[in-house]
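Asks: As a plain string of letters, each chain reads:
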Amino acid sequence: DGGITQSPKYLFRKEGQNVTLSCEQNLNHDAMYWYRQDPGQGLRLIYYSQIVNDFQKGDIAEGYSVSREKKESFPLTVTSAQKNPTAFYLCASSMFNEQFFGPGTRLTVL
Amino acid sequence: KQEVTQIPAALSVPEGENLVLNCSFTDSAIYNLQWFRQDPGKGLTSLLLIQSSQREQTSGRLNASLDKSSGRSTLYIAASQPGDSATYLCAVNGPSGTYKYIFGTGTRLKVLA
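The listed protein sequences correspond, in order, to chains A and B.
The first sequence lines up with residues 1 to 110 when you count with this note's numbering.
The second sequence lines up with residues 1 to 113 when you count with this note's numbering.
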């Protein structure tokens, strides 16, 4: 079954901790994305990657970091520098300009 | 800077009604427009993709149209069902490159049985 998987589904972070959200796709898509979704707001782009070993900042990259060592994987690290990380995080990939999304990870800061 | 607006923010209709959801964007230099559905606590499901050279796309009871010159797209849902209840989002990419998508805040639809 082709698709995008995100883990974990729920994640709890203590103040000052770094956490990493996993995103894996088996669609053979070159481009991958990370978005943040807050209640009442549209999706906001954190980072995107067009090809392996290359990525660009989106509109709200501060306090986040990514890597793209494999085509299938695009993990997102939420660092302690991100002051308000509680949100729903969505990973996506695209081919021919059509985006496909994973099921999301809900991150809560305790 | 591209901005995407969806009006209304919420909509309640009785089952069986035909309905139209609206999406407007400020910069007509887009590459394509995509409609999504999102159920509570879930990821987005792609419904329809309209390339900039196309005027409309259809899938089952869904029809999406695109008028680039006026910066508008509509999603038409025929014979609505309670299972259609969800939030519907539109997204455009361009003019800042094909990899940057701008999303609207969505229309929350409730279809009453």
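In case anyone wonders, no lab produced these hints; they're calculated from the structure.
Treat the hints with care, as some may be off.
[Stated by the list, open to error] Only part of the chain A face toward chain B is listed, based on derived beta-carbon distances under 7 Å:
no., residue
1, A31
2, Y48
3, N97
4, F101
5, P103
6, G104
Ideal Cβ placement from N, Cα and C applies to all residues, glycine included.
Asks: Would you mind marking each hint as holding or not holding in the structure?
Replies: To see whether the hints hold, each was checked on the structure:
no. : hint : in the structure
1   : A31  : holds (6 Å)
2   : Y48  : holds (5 Å)
3   : N97  : holds (5 Å)
4   : F101 : holds (4 Å)
5   : P103 : holds (5 Å)
6   : G104 : holds (5 Å)
The structure shown violates none of the earlier numbered hints.
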